[in-house]
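Visitor: Modelling step: build the complete structure from the supplied sequences, incorporating the hints.
Chains as they are written, first to last, in my numbering: chain H, 1 to 124; chain E, 1 to 140.
These aren't lab readings, by the way, just hints derived from the structure by calculation. From a predicted model like this one, the values you see are computed outputs, not experimental measurements. Using N, Cα and C, we set each Cβ at its ideal position, and we do this for glycine too. You can take every hint at face value.
Now the in silico label distances, taken between C-beta atoms and shown as ranges:
no.	chain 1	residue 1	chain 2	residue 2	range
1	E	89	H	5	49 to 59 Å
2	H	5	E	113	46 to 56 Å
3	E	31	H	34	44 to 54 Å
4	H	36	E	4	21 to 31 Å
5	H	69	E	106	18 to 28 Å
6	E	5	H	16	34 to 44 Å
7	E	81	H	70	30 to 40 Å
8	E	53	H	35	26 to 36 Å
9	E	20	H	35	35 to 45 Å
Counterexamples of contact, computed for chain H against chain E with all Cβ distances above 10 Å:
no.	residue
10	26
11	54
12	63
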Amino acid sequence: MLSLSVNEISGLIIGIIVFLGSVLSLISAIGLVRLPDIYTRSHAATKSATLSVLCILFGLFLFFTVIKDYVSARILLGIVFVFITAPVGGHLISRAAYHSGVSLWESSIHDELNGKKDKQHTSS
Amino acid sequence: MKSNDVILQTTTKVVLFIILAFSVFIFFNGHHEPGGGFIGGLMTASAIVLLMLAYDLEMVKRILPFDFKVVTAAGLLVAIGTGLGSFLFGVPFLSQTFDYFTFPVLGELELATALLFDIGVYLVVVGVTLTIIQTIGEDQ
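Guide: If you want it as structure tokens, here you go:
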């Protein structure tokens with residue numbers, strides 16, 4: 001019967017979390033290459049890349065806390081910071097692309113902002 | 001067309017305090033771990049640049065009514081002053097010393113005179129960076 005210590009079990013779990021983060025990062029990179037226009041690409045780049053960074057940082061935090069006995073508040077702060085700022089970055093990039101007239105993918109059928117943009121142009 | 005920046009501005013209000021707190025942390029951490037006056041000053045300056053991006057230059061000038069060239073000069077004066085202060089004790093220019101003090105809440109801390117020099121570096125970095133950004137950013 002295989003007997004594992006606490007450190008080995010937690011090391012296994014941490015390894016799984018970090019591996020999950022790196023796989024999500026790879027999926028995000030593949031999405032960045034494969035998707036057709038800037039909006040779907042920013043969807044892939046912000047969502048899965050954010051989650052991958054959060055997974056890797058959380059694995060790092062667990063590693064230092066459980067195995068090295070060093071609680072690092074900086075990593076928690078980094079997790080909060082990335083979680084707040086990465087979606088806002090994606091939002092700003094997509095919005096800047098839309099307002100500078102980047103066209104949607106030709107199979108897109110719905111553009112809710114289009115009417116509002118015209119209305120704002122006529123009112124101002 | 002009036003742009004609607006409510007997401008960026010609301011996020012800036014939260015994130016600004018994280019960046020400023022982290023810059024102070026890095027500034028005081030510089031004696032024994034990576035960090036110090038230069039990187040702390042750059043991080044403070046980047047927090048203020050974020051404020052300039054989310055709002056505008058006039059708003060930041062109203063919040064922080066400093067002339068940043070004066071901040072640079074004050075930082076240089078602090079740095080030179082710590083160097084000259086070593087003459088009072090009859091030791092060569094820019095000699096550093098440290099000692100341990102016990103504070104009521106914080107416990108025993110190591111205070112080094114290198115921290116005073118670092119305050120000078122911090123002020124110079126903040127002042128120079130923001131002078132450059134404000135000079136480039138404002139319209140003629």
